[in-house]
Structure formats: C-alpha cells, structure tokens
Amino acid sequence: MAIAVEMPKMSDTMEEGVLVAWLANEGDAVSAGDVIAQVETDKATMDLEVYDDGVLLKKVIEAGASVPIGGLIAVLGKEGENPDDVLAQYGSGDGAAPTSGEAEAAEPEPAVADPEPSGDGASAPVPVTVADDGRVKASPLARRMAQDGGLDLRGVQGSGPEGRVVKRDVEAALAGSAPVAAPVSAPAPKPQPVAVPTPATPRPAPAPALPVGESADTPMSQMRKTIARRLAASKFTAPHFYLTMEVDMQATTALRKEMNAMQEAQGLGKISFNDFITKACAVALRRHPAVNSSWLEDEGVIRHHGAVHVAVAVAIDEGLVTPVVRNADQKGLAQIAAETKDLATRARDRQLDPSEWEGSTFTTSNLGMFGIEEFTAIINPPNACILAIGGIMDVPVVENGEVVPGKRMKVTLSCDHRVVDGATGAAFLGDVKRFLEDPMLMLL
Amino acid sequence: MAELQYREALRAAMTEEMERDENVFLMGEEVAEYDGAYKVSQGMLDQFGPKRIIDTPISENGFSGLGIGAAMMGLRPIIEFMTWNFTFVAFDQIVSNAAKVRYMSGGQLKVPIVFRGGNGGAGQLGATHSNSVEPFYANVPGLKIIAPSNPDDAKGLLKSAIRDDDPILFLESELMFGLKGEVSEEEDYLLPIGKARIAREGDAVTLVAHSKSYWLAMEAAEELAKQGVEATVIDPRTIRPFDFDAVVDSVKQTNRLVIVDESQPFGGIASEVAFQIQQRCFDFLDAPIARVTAKDTPAPYAKNLIEAWMPSVDEVIEASKKVLYMN
Numbered sequence: 000m001a002i003a004v005e006m007p008k009m010s011d012t013m014e015e016g017v018l019v020a021w022l023a024n025e026g027d028a029v030s031a032g033d034v035i036a037q038v039e040t041d042k043a044t045m046d047l048e049v050y051d052d053g054v055l056l057k058k059v060i061e062a063g064a065s066v067p068i069g070g071l072i073a074v075l076g077k078e079g080e081n082p083d084d085v086l087a088q089y090g091s092g093d094g095a096a097p098t099s100g101e102a103e104a105a106e107p108e109p110a111v112a113d114p115e116p117s118g119d120g121a122s123a124p125v126p127v128t129v130a131d132d133g134r135v136k137a138s139p140l141a142r143r144m145a146q147d148g149g150l151d152l153r154g155v156q157g158s159g160p161e162g163r164v165v166k167r168d169v170e171a172a173l174a175g176s177a178p179v180a181a182p183v184s185a186p187a188p189k190p191q192p193v194a195v196p197t198p199a200t201p202r203p204a205p206a207p208a209l210p211v212g213e214s215a216d217t218p219m220s221q222m223r224k225t226i227a228r229r230l231a232a233s234k235f236t237a238p239h240f241y242l243t244m245e246v247d248m249q250a251t252t253a254l255r256k257e258m259n260a261m262q263e264a265q266g267l268g269k270i271s272f273n274d275f276i277t278k279a280c281a282v283a284l285r286r287h288p289a290v291n292s293s294w295l296e297d298e299g300v301i302r303h304h305g306a307v308h309v310a311v312a313v314a315i316d317e318g319l320v321t322p323v324v325r326n327a328d329q330k331g332l333a334q335i336a337a338e339t340k341d342l343a344t345r346a347r348d349r350q351l352d353p354s355e356w357e358g359s360t361f362t363t364s365n366l367g368m369f370g371i372e373e374f375t376a377i378i379n380p381p382n383a384c385i386l387a388i389g390g391i392m393d394v395p396v397v398e399n400g401e402v403v404p405g406k407r408m409k410v411t412l413s414c415d416h417r418v419v420d421g422a423t424g425a426a427f428l429g430d431v432k433r434f435l436e437d438p439m440l441m442l443l
Numbered sequence: 000m001a002e003l004q005y006r007e008a009l010r011a012a013m014t015e016e017m018e019r020d021e022n023v024f025l026m027g028e029e030v031a032e033y034d035g036a037y038k039v040s041q042g043m044l045d046q047f048g049p050k051r052i053i054d055t056p057i058s059e060n061g062f063s064g065l066g067i068g069a070a071m072m073g074l075r076p077i078i079e080f081m082t083w084n085f086t087f088v089a090f091d092q093i094v095s096n097a098a099k100v101r102y103m104s105g106g107q108l109k110v111p112i113v114f115r116g117g118n119g120g121a122g123q124l125g126a127t128h129s130n131s132v133e134p135f136y137a138n139v140p141g142l143k144i145i146a147p148s149n150p151d152d153a154k155g156l157l158k159s160a161i162r163d164d165d166p167i168l169f170l171e172s173e174l175m176f177g178l179k180g181e182v183s184e185e186e187d188y189l190l191p192i193g194k195a196r197i198a199r200e201g202d203a204v205t206l207v208a209h210s211k212s213y214w215l216a217m218e219a220a221e222e223l224a225k226q227g228v229e230a231t232v233i234d235p236r237t238i239r240p241f242d243f244d245a246v247v248d249s250v251k252q253t254n255r256l257v258i259v260d261e262s263q264p265f266g267g268i269a270s271e272v273a274f275q276i277q278q279r280c281f282d283f284l285d286a287p288i289a290r291v292t293a294k295d296t297p298a299p300y301a302k303n304l305i306e307a308w309m310p311s312v313d314e315v316i317e318a319s320k321k322v323l324y325m326n
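So the sequence lines, in the order shown, correspond to chains A and B. According to numbering that gives the first Met the number 0, numbering within the first sequence proceeds without interruption in unit steps and concludes at 443. According to numbering that gives the first Met the number 0, numbering within the second sequence proceeds without interruption in unit steps and concludes at 326.
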C-alpha cells in the first residue's frame, strides 16, 4: 500500500507548518533520508525528510499551504501505484484543509538544494515520535495506558530515546498538560545536530512602498502566531511585577577591555557586555534557586531546576527567538561569548535546531544597543523571571562630593509573583548588580 | 537468632541433618582430616567419625559418581567440591546421571544428593578458576539450583536441600564464607526451595540479584535512595525453579527491571529472567529490561581488569537510571 507523508511535529510549540517549497516532483524516485520539501514552523525553516524508499506519487498540497501536525502532505509508493486509498483515508482527495498561503508567484525555481543529502540521511532533524508510516515508538506500558485512557499516541511527544513515548509522557498527556520542557535537570537526549543545507528558501521580498493612505494585509506567520499565543498566555496568567536597579558598569567596562585585548591576541572573538550579564545572572541564579524555577500548573508543583540554562532573546526578521546557553553558570565568559554569537548568527539565518531554544530556566532581553534606557519585558514561560537590560549611559555621578563621569546601566526584572516574591527578586537582582560592579566575584 | 558466619550456618545445617538422619553423609576433598578447605566442615569428623565424613582423592568424576550411586541406593550424600570450577571433570556424572536417572527410570529411582561448594569469581584467580556455573547447570532439566546470599538463607535452604529427593546444586562463594549474619535458631529451620525474598521495597525500579550480586544491588539501591529513587530488591535465592511470580508482581508496580548476575551474559541467568518477564508482563514495561553481568570474555587476572570485568555498584546504578530514563 502507498505510504502517507504527514506534517511532523518539529518543535514543542508547533501546531501547524507551512510548506515553503517542494524539492521533489511527482514521479521522482526518492530514498529514505531524502529531503522532499521545506517546511516553515513557528520558529525555523526545516527540511522534510522521507523515511521510505519509493516514488513521490502525489503532492497533496501546494507550496505555500499550511497543514496541521499529522495532516497529509504527500503520498509515496511504488511506481504506478494508485494513491487514492491513502487519500481516502485522510478524508479527501485534496488533503488536509490547506489554508491559502503566500502568493505562489513568490516561489522561484528552487536553486538546487542538495537533492541527495550525503550519507547521514538517517538523522531526523527533531525527535519525531511518529514515523511517517504512522508507527509510533512507545513503550509497551505507554501503549497500554494510552489504550486504557482512550488517548491517541500519535499526538504525544515522546521524551524517551529516539522520541519513544514512555509512561511519564502519557501521564502528562492524560493530565491534559502540553508536553512542554522535560525536566531541565535531566534533559532528554539531544537530537543529533543536523547540518541544514543553506536554505534556498525564497525570502519574502521587501514590502513595496505603499502609496500614501493605502493599507496592506500580511498573513500572520507561524512565528508571529506563536509569539502572540505564548506571550499573551504569559501576561494573562502570570501576575507580573517589576524591579529596577541601576548598575555601575565602570568595573565591567574596564575588565572587558582587558579581557578582549587577551581574546584578540589569541585570535578569539570579543566578549560583549551582554555575555557578562548572562554570566552574572547565571551565577546569581545558582544562589537563588527560587528564581531558577517554574510554576507548573498542571503538575501542581513549583519546580526548582537543577541546571541553569539562560536564554538570550535574539531579534530576527519576522520576530524573535530565544536560544539557550546551557549550564551558563559553569561556563567561562569566552565560552559564553562564543556560544551566544554562534546561536544568534544561526538564529538570524533560521538554522537553529528546536532543541537549541527549548528548556531555558531564565531569559534576558537586551535593547541597550537601540538606545533604550530601561524597559519591562514579558516573562518567557515556563521561566519565573526575565531580565530587561537597558543601555550603558555616560552620566555625571557624585563621588566624594565631586561630580565625575560614570557609566550606568538600568536593568528591570519581571517576576512571576506565583513563584517569586518581591524580597526574593530583589535579593537576586542585588547579587546580579554586585557581580557586575565587582566582576571578579563571579569569576572566582 | 544467633550471629553466625556463612560457613558456620552451612555447618549447622549439615550437622543438624546428620544428627536427624543417619543416611546423610559428607564426602569431598579435605573435608575430614583438614576440617575442610574453607573450614566449613570443621569438627565434623570428630563428631560423626570417618564413616560419615569422608576424604576423597582429587577425583571429582569418581566421587561424584560414587555419591550418585549411593543416593540411588537410598543414602543422602552431601558432596563438597572445593570450588564449582572443578566440577567440569564431573560434568557427565551430574548432567547425564544425577539429572536424568529419575526420568529415565520412570520414577523407580531417585537421586537425593546435594552438591555444594564455592562458585563464581573470588578475586585474582585467573580465567579457569573464576567461573559462575549457574547457566551451565540451569540449562539441564532435572537439577535444582540454590544460591543463597546470606547465612540465614544458607542454613534454611541447605537443610531443605538435604531433605529434597532430587539432585541439588548448592552454590556458595569463597568471598562469602566469612560473611556474618543473624541466623534463625528455630528448631528444624527449613526455607522453601523456589521462593524469592523481597529484601527491600520501592516503587521506582526492580533489581533482581542472587548470591554475591545481591549485595551489589543493595548497595546500589541505597545510593539511588539518596537520589530519591526507591528500588525494590529481590533475591531469588533459588535459580531453578526460579520464582518468576515474585518478579512479575514487582515489575507490575515499578514497570522497570534491572538484573544483576555475575555469570556470563550470553545465555545466562539474566537472559532467561529477561525473557520470562517480557513474556509475562510485556504490557507493564516502560523501558527495555537492563542487565549487569560479567563481561563477555574469560576472566582476566590483573587486579584492575578483574574489577572492570565483574559487575559493579556503579554499573547497577547506571543501568537503573537508564531504565528510569534519567541519563
């Protein structure tokens, strides 16, 4: 029988995906591991690989169409096989309710994107629980529990090896909780990093200048929808309060200058102010477990995370992503700098693997480079706090009765009051300030 | 209760049974004049005399056959092997005669005999003297195999073994002869053959381990408890017949199983337990069954290598975390 190719779940937050471009034509022979299309999820453009050998019998949706997870995208089979039985199984001849997408005209001939990826074809970009032949990897117990509970395992994200659905996943699904972030202290095995071929993805052309007075409608991208959903949920459910402190950045400025001279001498990249702040937050988080926590409504617990994973908000074309510097409390400044730079670069190219933006325990957002003095940020769930960082300003300060030039930066901590109280947040912020004003303290 | 060494518990069991039944006798290398190679039979020659405590030449095949013949004729011999490594020269007597006579005679003859001695690795003894023989003999229908981990079980099970009408292989350990433990002073203390002991109860993972390995499992369980993981530890005590029901009951609660077994992995005891459990409670397993065994090579001699070769507490902890998806 012919084989259905479904929209895979490519990230925790993904609900549907847009098929950006087809890389194979009907009638083409494909083998397991071949990339047949590119899919835009809420955060990245990813390759859609097939898991079987055969012929691409039918493209069920057009480029630009949006399909929910599990929706039919294509049918594979033997040469000359009839795809109708698969199409019938999915309800209609024209696939899973494709919604109209960008104008097809925007799709140029895909500049050959390596149609035969080299040998490593077996590696899937994400731990997809459901292989596209519909088989679900699940432990025997998980299967029995799902059957007893009337749960369809195809909708459950597995946290076991190779995406295996295990007891805890079924329990979470039955309890109705979204399968978010596995316990951070015991991260699920990382999916193998995949070298995503440089995207031949058609970039949306810059919007033509509008004649004065005319409005234009743009379809909501997956990323904008995700931002809307997650941040609205955060702001509506987490009672935010805000703490602002001014930090004297004189010592950090001096130390940074010294360290960057050493970095340069070794041919290494520069350490940014933001890297110092990441480090300061990480070390302070280690001392304030209450801040390094999550309110987990569905589980009825507040989890103090065992590891300190600091996410750094990165602005990209259509929105923002928050790649994570893992175990930042245990890393040196040079390493934090190198990792952050790499993550930010790849984020802008939309080449991050979902595992790289999942599992944070704290987030920072820096608008200093845009001349912002101070601002408040919305908490990135399931974090308990986010630090909004303003620019370092040259200001006159009074020292020993004299006005002298000073360097000051304002930071604002948004706290989820369900987890963190005022005094707790203030103590944490006080430590961040102390580490930045005397940076040797956090390097010891 | 009295505190006894493992060897003293074995001696107490043999002495009590010999006092109770004049058909019971002990035969083996150095058991009489030398008081036993590992002093298990110390003082027994003085108590029972040379007719019932019998020294043999180095001739395992010969005195095993002699014992089997005596058992067929109505006596109840206890045959001591210095270690189980030396039974390979008596393999034919044990496998072809002791195990098969009752079956082949249509039940006219029985072989109430106990073969006992030290089994398994005991330090730097080299490849030929470090065998765990459970898998070899457990493969033979007609033999019962007992491997107690502590003095109390050693006494209660050896007494039951001597009274049993079938041939029994009783596996001890050179490293455990000095192990002390509380032993019941109940008169006629008999423990049932084929019944496991639940040594520790927890809901996270089931550890199954016999003989010396039992102690590794217990130590691993204590370490895991410090990390918030409560393990059930089951000591099967008898290898054949094996108390699979006890393991099934526990796995239905914990959904995870780790088997610790000092014998070789290929076709070993752990393999059979894993097979039986997946067969009997497949739908209760949340992770593939794990096992910790000796490595699949001849036992090395060097100290660091034999330590790496033998199962360790760390390996048991690691395997437990794996089935718990904690790694």
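The set of hints was computed from the structure by calculation and includes no laboratory data. One thing to keep in mind: the hints can contain errors.
Stated by the list, open to error - List of simulated lysine to aspartate or glutamate pairs, EDC-like, C-alpha gap at most 20 Å:
{"#": "1", "chain 1": "B", "residue 1": "K251", "chain 2": "A", "residue 2": "E170"}
{"#": "2", "chain 1": "A", "residue 1": "K136", "chain 2": "B", "residue 2": "D282"}
{"#": "3", "chain 1": "B", "residue 1": "K109", "chain 2": "B", "residue 2": "E21"}
{"#": "4", "chain 1": "A", "residue 1": "K166", "chain 2": "B", "residue 2": "E229"}
Stated by the list, open to error - If you want the ones that stay clear, here's a sample from chain B, every Cβ over 12 Å from chain A, calculated:
{"#": "5", "residue": "L65"}
{"#": "6", "residue": "F85"}
{"#": "7", "residue": "Q123"}
{"#": "8", "residue": "A137"}
{"#": "9", "residue": "D163"}
{"#": "10", "residue": "F281"}
{"#": "11", "residue": "L284"}
{"#": "12", "residue": "D285"}
{"#": "13", "residue": "A286"}
{"#": "14", "residue": "P287"}
The C-beta atom is built at its ideal place from N, Cα and C for all residues, glycine as well.
Against the structure, the hints come out as follows:
The hinted pair formed by K251/B and E170/A meets the criterion: a straight-line CA distance of about 16 Å does not exceed 20 Å. Taking the CA atoms of K136/A and D282/B, the gap is about 14 Å. The hint holds against a cut of 20 Å. Restraint check: the Cα-Cα separation between K109/B and E21/B comes to about 18 Å, which is no more than 20 Å; the hinted pair holds. Between K166/A and E229/B the CA atoms are separated by roughly 17 Å; this keeps the pair inside 20 Å, and the hint holds.
The beta carbon of L65/B is kept farther than 12 Å from every beta carbon of chain A, the shortest such distance being approximately 51 Å. No beta-carbon of chain A comes within 12 Å of the beta-carbon of F85/B; the shortest separation is about 44 Å. No Cβ of chain A comes within 12 Å of the Cβ of Q123/B; the nearest lies about 38 Å off, and the non-interface call holds. Against chain A, the non-interface label of A137/B holds: every CB pair exceeds 12 Å, the least being about 27 Å.
Residue placement check: D163/B keeps its beta carbon more than 12 Å from all beta carbons of chain A (closest about 38 Å). Chain A draws F281/B into its interface by the beta-carbon criterion, the shortest separation being 5 Å against a cut-off of 12 Å. With a closest Cβ-Cβ approach of about 5 Å to chain A, L284/B is found to fall inside the 12 Å limit, against its non-interface label. Listed as a non-interface residue, D285/B fails to keep its Cβ farther than 12 Å from every Cβ of chain A; the least gap is roughly 4 Å.
Here A286/B does not stay apart from chain A, with its beta-carbon only about 6 Å from theirs, under the 12 Å limit. Against chain A, the non-interface label of P287/B is violated: not every CB pair exceeds 12 Å, the least being about 8 Å.
When held up to the earlier numbered hints, the structure conflicts with 10, 11, 12, 13, 14 and fits the remainder.
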